[in-house]
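Chemist: Here is what each chain is made of, one letter per residue.
Number of protein chains: 2
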Amino acid sequence: MMRGRGVVNRIGAWLAALLLGVLASGLAGAAAQAEDGYDLWLRHAPLDPARAEAAREVLGPVELRGDGSGTAGTARGEIERGLAGMLGADRGNRSITLALTQDLTEGERWLAAELAGAPPGSFVIAADPNAGTIVAARDDTGLLYGAFALLRHVAGDRPLPEVARTYRPGMPLRLLNHWDNPDGHVERGYAGRSIFDWWHLPERLDPRMIDYARANASIGINGAVVNNVNARAFMLEPRYIAKLKRLADAWRPYGIRVYLSARFSAPRDIGGLETADPLDPAVRAWWHAKADEIYAAIPDFGGLLVKANSEGQPGPQDYGRTHADGANMLAEALGTRGTVIWRAFVYSAEDETDRAKQAYEEFVPLDGRFADNVIVQVKNGPIDFQPREPFHPMFGAMPNTKLMLETQITKEYLGFASHLAFLAPMWTEVLDADTGRGGTVAEVVAPAGMAGVANTGSDRNWSGSHFDQANWYAFGRLAWDPSLSSEDIAREWAALTFSREEAFLAAVVPMMLSSRETVARYMTPMGLAHLMDTGHHYGPGPWVCDLPRPEWNPCYYHRADAGGIGFDRTATGSNALEQYAPGVAAAWADPAEIDERYLLWFHHLPWDYPAQSGRPLWDELVARYDRGVAEADAMAQTWSELSPYVDPQRHRAVAESLAIQRREARWWRDASLAYWQSLNGLDLPPGTRAPEHDLDYYRSLVFPEAPGR
Amino acid sequence: MMRGRGVVNRIGAWLAALLLGVLASGLAGAAAQAEDGYDLWLRHAPLDPARAEAAREVLGPVELRGDGSGTAGTARGEIERGLAGMLGADRGNRSITLALTQDLTEGERWLAAELAGAPPGSFVIAADPNAGTIVAARDDTGLLYGAFALLRHVAGDRPLPEVARTYRPGMPLRLLNHWDNPDGHVERGYAGRSIFDWWHLPERLDPRMIDYARANASIGINGAVVNNVNARAFMLEPRYIAKLKRLADAWRPYGIRVYLSARFSAPRDIGGLETADPLDPAVRAWWHAKADEIYAAIPDFGGLLVKANSEGQPGPQDYGRTHADGANMLAEALGTRGTVIWRAFVYSAEDETDRAKQAYEEFVPLDGRFADNVIVQVKNGPIDFQPREPFHPMFGAMPNTKLMLETQITKEYLGFASHLAFLAPMWTEVLDADTGRGGTVAEVVAPAGMAGVANTGSDRNWSGSHFDQANWYAFGRLAWDPSLSSEDIAREWAALTFSREEAFLAAVVPMMLSSRETVARYMTPMGLAHLMDTGHHYGPGPWVCDLPRPEWNPCYYHRADAGGIGFDRTATGSNALEQYAPGVAAAWADPAEIDERYLLWFHHLPWDYPAQSGRPLWDELVARYDRGVAEADAMAQTWSELSPYVDPQRHRAVAESLAIQRREARWWRDASLAYWQSLNGLDLPPGTRAPEHDLDYYRSLVFPEAPGR
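Sequences listed follow chains A and B, in order.
When you line the first sequence up against my numbering, it's residues 79 to 787, in that order.
When you line the second sequence up against my numbering, it's residues 79 to 787, in that order.
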């Protein structure tokens with residue numbers, strides 16, 4: 079016990095020193111800094127005094143068994159830091175013990191049993207009101223996750239006894255994919271520049287890299303692919319390996335492994351070889367040597383992510399080889415040391431097949447031919463991160479291949495960081511989907527993992543807007559536990575980030591939960607998709623029909639004309655439906671029975687087709703646009719009433735974003751209706767507001783400065 | 079008096095509330111945030127207790143005469159905020175009075191006399207130990223500057239009586255030039271992305287825009303050109319005028335006027351006209367209407383900056399007109415409302431003349447032909463922001479034209495934000511230079527102003543490194559008072575930014591003062607110039623000789639071969655010397671008499687030419703490279719000893735940058751020597767370290783990810 083107390087005293091002194099520093103700089107700069115969002119969900123704001131008093135009784139000194147180095151030491155430090163913020167330095171004497179199972183006493187041995195067979199990172203928390211709290215794990219990372227779980231529980235103001243249970247990650251790989259280029263540009267990034275300062279590495283390590291690792295570890299993320307899938311080969315060169323090593327060393331105590339996107343043609347681009355043919359012995363030897371070089375610097379390097387033969391990227395098909403040939407060659411080079419993650423996001427310039435069908439057609443025949451350390455990474459839907467897509471038909475269709483779910487945290491197609499859209503409902507919709515082939519998507523990806531295209535950037539709030547932090551948070555929480563509900567995640571995040579007040583949560587959580595549906599309504603209602611203006615993917619561009627590749631055109635997706643609208647993917651059309659299990663396909667085959675949120679994804683229907691409401695399709699469509707606009711207004715109204723619960727700086731920032739969203743929801747609705755009317759010649763239903771401008775106006779808008787290109 | 083006390087009480091309550099907020103967020107995040115550099119020189123850290131005690135006695139409540147709105151209110155708020163940080167909330171009762179001259183009492187009327195005829199922004203401070211302190215000015219902005227001057231004085235720990243005097247700006251325009259593109263990229267920016275969030279304006283105003291205005295106002299900067307001189311015409315469109323208006327409204331209370339870089343071809347690009355000929359009536363009408371449109375939104379819009387017929391930009395010469403024709407046409411459109419700033423940075427693809435001579439040749443014949451509200455903006459030297467250049471020969475050569483000095487705060491040619499180089503000595507070298515035509519450069523530009531190409535970006539420390547903040551600071555201070563010494567500025571900045579301890583200042587100030595010379599020594603000693611690798615301008619590239627335009631090649635500038643090195647700009651060569659006044663030219667004409675820091679700028683000399691030291695030129699050159707490297711080492715050593723005075727986060731950040739600089743100083747020296755040796759075949763002087771690698775190695779280095787392109 080003395081040791082723990084000693085720690086507390088030292089921390090006490092540290093806090094006193096810190097306090098002086100805070101006062102010194104805070105008085106001058108606090109108005110600007112204090113609530114700029116940098117602390118994310120790790121603010122650890124003081125608990126309500128009565129709750130804090132009770133918590134202090136049972137959450138006393140932190141005792142770490144073992145030598146306290148590395149990750150376990152990080153775990154202890156995080157608990158100290160978090161509890162100091164929430165409870166202050168003076169706390170009771172019932173200890174919080176962090177212990178690996180090997181260090182448990184005889185009387186605690188039952189905790190080890192709880193963890194028998196549990197995957198890496200699992201932990202158990204026991205909370206005895208008298209004996210104190212124990213966090214036990216079989217590995218140091220489990221202790222770290224346990225520390226953050228305990229903090230989250232306290233920060234969420236939940237009854238302490240409820241924290242006591244066993245926690246197991248739902249999948250082994252929980253990865254952020256950064257589409258960050260080495261020059262600092264972030265493809266589809268809406269939060270400033272890249273957070274990775276390659277230019278100054280390895281000498282200069284931005285302190286932000288530590289805060290990044292903390293944030294990830296706190297929600298269970300255990301790896302980061304640090305560069306864009308449209309990769310530059312030079313990032314495999316020695317000078318970059320030195321930079322990567324500095325990052326890996328900084329992140330190791332937080333359980334974050336470094337992964338790299340690899341350009342398949344690297345042996346040719348930087349290796350001096352004539353070819354990158356995966357069956358060429360010199361190519362194989364080059365990758366072997368490259369892997370050895372990386373692992374000599376970074377023993378726990380995670381592996382390589384590859385976008386091959388997709389959107390102009392090189393790949394094995396350039397040499398008449400298959401995706402499996404390419405992936406397996408790299409897998410052999412990594413050996414047991416790491417993982418090859420091979421993206422299934424492919425569609426061909428020459429292929430006339432419905433784009434929604436192409437990945438399935440290319441990959442499913444390869445089932446069972448990928449090496450053990452290859453994972454095929456599949457986007458949530460068959461097109462490309464639209465506001466709504468049905469789940470990807472590959473899930474469940476490759477029983478002998480590890481499949482990983484790729485989600486997009488950054489909102490490429492959902493209004494960038496300007497529009498509020500909480501994405502947990504989108505992801506749970508996919509995770510919970512029954513593939514009809516023996517399990518849900520969550521069950522299919524459980525042996526592999528989940529990737530999220532990051533929304534981080536140099537903006538002080540990390541994500542471009544305060545509410546976009548919730549999507550990073552939700553991604554991590556769902557990757558750890560795909561059974562969590564969107565509501566629980568929203569509530570947890572909002573309490574940690576803004577306020578624990580019930581009145582606040584009762585208003586903000588429903589707003590978050592409906593927000594993605596709102597965006598889908600004013601952008602792409604009833605299963606429409608990919609109507610964003612070409613290139614930047616921001617505002618509406620349903621009229622774009624003349625780009626050289628058919629699938630670059632919004633017209634390709636909506637197929638609207640005087641007669642009707644929608645993409646026939648039934649047997650009378652592209653028959654993409656047949657890629658799904660029969661039960662699933664049946665549920666979507668009949669336009670009278672289908673969940674109408676998927677209607678026009680699968681069906682081409684006349685404008686007067688009777689919707690399930692009984693209204694003609696056209697009227698129903700207009701009603702949904704209008705509902706989206708009204709909901710955007712309602713969000714702004716709801717938020718305006720929440721100012722008592724949020725600091726002025728963040729409250730104003732969100733309010734200003736919601737003002738943009740209100741304006742742009744109208745823009746989406748008005749431009750879309752003006753365009754549909756130009757095709758169908760129909761009047762708007764009685765009582766409906768006419769578009770503010772004519773179609774020519776909407777078509778004339780250009781945004782050369784749009785971010786994220 | 080009651081009113082002032084009331085303010086103090088309200089501020090006291092505000093501080094108490096703030097304190098809670100600081101504690102709440104600070105305990106969790108302070109270690110990362112408290113000293114991240116965001117507060118710049120406005121930290122206002124608490125004074126030493128004894129000094130604070132004394133200051134509290136005489137700096138009591140702040141009393142503002144007048145209605146307290148706008149800029150004057152800002153002035154009061156800033157004093158309150160700054161003194162609260164340095165002295166705390168409890169202070170004595172001797173007041174600080176802010177008063178316009180019209181509100182002075184009979185007894186104070188002598189202060190108004192002090193300001194008779196003083197330019198806008200002037201102020202006077204009177205400090206009576208009994209009656210209190212008065213800041214008087216003829217305009218609100220003067221009160222704001224006075225507030226910041228008082229704070230700076232207190233923060234610099236200087237005796238209060240010394241603050242009492244009259245302060246007049248040395249020139250009317252003190253402008254930042256932002257080379258920021260609307261998409262967020264900053265040309266020659268090394269501090270992240272643009273601080274201007276055009277995408278979300280006008281609805282969303284980043285709070286950083288207020289902190290930016292505060293920082294500028296605190297050093298007397300009174301305008302900002304918010305976009306790159308390589309301008310996009312669409313920034314003159316209505317949607318951008320709305321965005322500009324929001325910025326202008328936010329900055330107005332800080333005395334910052336908005337300026338825009340204008341693309342000369344805008345009438346054609348966005349105006350639907352066939353031409354941009356400045357003598358075409360339709361073109362003139364278009365600019366008139368555009369100016370009216372801007373002024374309707376922003377009544378105090380500053381004006382337009384134009385880069386014309388330079389590096390591919392359109393201009394009046396495209397229509398056979400002169401720079402004066404172009405500038406005067408825009409000047410007429412603005413009328414008395416604003417200023418046209420026309421850049422003299424021109425050189426032609428076709429012109430065979432020494433590039434150093436071209437601006438003079440194009441502009442000097444136009445002297446007297448520019449309208450009254452036109453200012454010609456001239457770079458400090460005749461080439462392009464090199465580590466050292468002689469002053470530009472246009473200064474003094476256009477007595478009937480307003481000339482403005484353009485400096486580059488961002489370190490395009492001095493190691494980006496990686497190398498420490500304090501630039502005040504470079505700028506004072508130019509400002510103090512006697513043109514030989516009736517005044518110094520400072521005197522020549524006094525009727526116009528001074529521009530600095532900003533080094534701001536989205537990095538939390540604003541400038542890419544902590545020490546680069548000093549260059550922003552020095553620019554502002556020198557533009558306000560060009561007679562300030564570099565030493566005074568360095569001392570002031572270091573005390574405000576890091577520590578007031580004499581032991582710290584005694585070490586860091588000399589290090590800052592010599593730092594630019596150090597960089598010049600290891601990059602371009604003895605008057606060499608423009609040897610940076612092409613395009614990015616970062617590392618050494620003296621071997622680049624084969625680019626299509628001669629003046630793009632470092633070889634063009636060094637002219638080295640087996641026989642010798644240097645650019646003959648005497649009568650036997652390009653005779654650029656003749657553009658200077660005879661006395662100036664005479665001082666530089668003789669290589670035996672010239673300040674050797676300009677030697678190879680003006681002279682081509684054999685490698686064995688006896689330098690003023692008596693050593694052969696080659697030996698002298700090597701010695702200067704070596705001295706530069708040794709000085710870079712010494713900076714790192716000096717800084718390592720200053721850790722007791724600086725918070726760990728900023729100390730480490732600077733130390734890590736200095737580690738880069740040490741490595742790269744060697745790179746510069748080694749690569750340069752290897753190249754010179756490849757030409758002259760000479761051995762290194764005895765005892766000299768050989769380059770670490772061979773020339774091929776240095777030539778092989780490429781940096782596709784270099785920032786700022």
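No lab work stands behind these hints: they were computed from the structure.
Keep in mind it's a predicted model, so treat the numbers as computed, not measured.
Just so you know, even glycine gets a beta-carbon here, dropped at the ideal spot from N, CA and C.
Mixed in with the good hints, there may be bad ones.
[As the list claims (entries may be wrong)] Computed, partial: chain B to chain A, Cβ under 7 Å:
(1) L178
(2) Q180
(3) R271
(4) E656
(5) P660
(6) P785
[Claimed, not checked] Covered, in the sense of this in silico footprint (three residues per stretch, anywhere, with C-beta under 8 Å from a C-beta of chain B), are these stretches of chain A:
(7) 269-283
(8) 433-444
(9) 724-734
[Stated by the list, open to error] Chain B side only, calculated, beta carbon under 10 Å to chain A, not exhaustive:
(10) D114
(11) E281
(12) R317
(13) I319
(14) R415
(15) G535
(16) S536
(17) D537
(18) W685
(19) D686
(20) I738
Chemist: Hint by hint, note whether the structure agrees.
Modeler: Checked hints:
no.: 1; hint: L178; verdict: 27 Å, violated
no.: 2; hint: Q180; verdict: 32 Å, violated
no.: 3; hint: R271; verdict: 5 Å, holds
no.: 4; hint: E656; verdict: 42 Å, violated
no.: 5; hint: P660; verdict: 46 Å, violated
no.: 6; hint: P785; verdict: 6 Å, holds
no.: 7; hint: 269-283; verdict: holds (count 8)
no.: 8; hint: 433-444; verdict: violated (count 0)
no.: 9; hint: 724-734; verdict: holds (count 4)
no.: 10; hint: D114; verdict: 7 Å, holds
no.: 11; hint: E281; verdict: 5 Å, holds
no.: 12; hint: R317; verdict: 9 Å, holds
no.: 13; hint: I319; verdict: 15 Å, violated
no.: 14; hint: R415; verdict: 27 Å, violated
no.: 15; hint: G535; verdict: 8 Å, holds
no.: 16; hint: S536; verdict: 5 Å, holds
no.: 17; hint: D537; verdict: 7 Å, holds
no.: 18; hint: W685; verdict: 34 Å, violated
no.: 19; hint: D686; verdict: 38 Å, violated
no.: 20; hint: I738; verdict: 5 Å, holds
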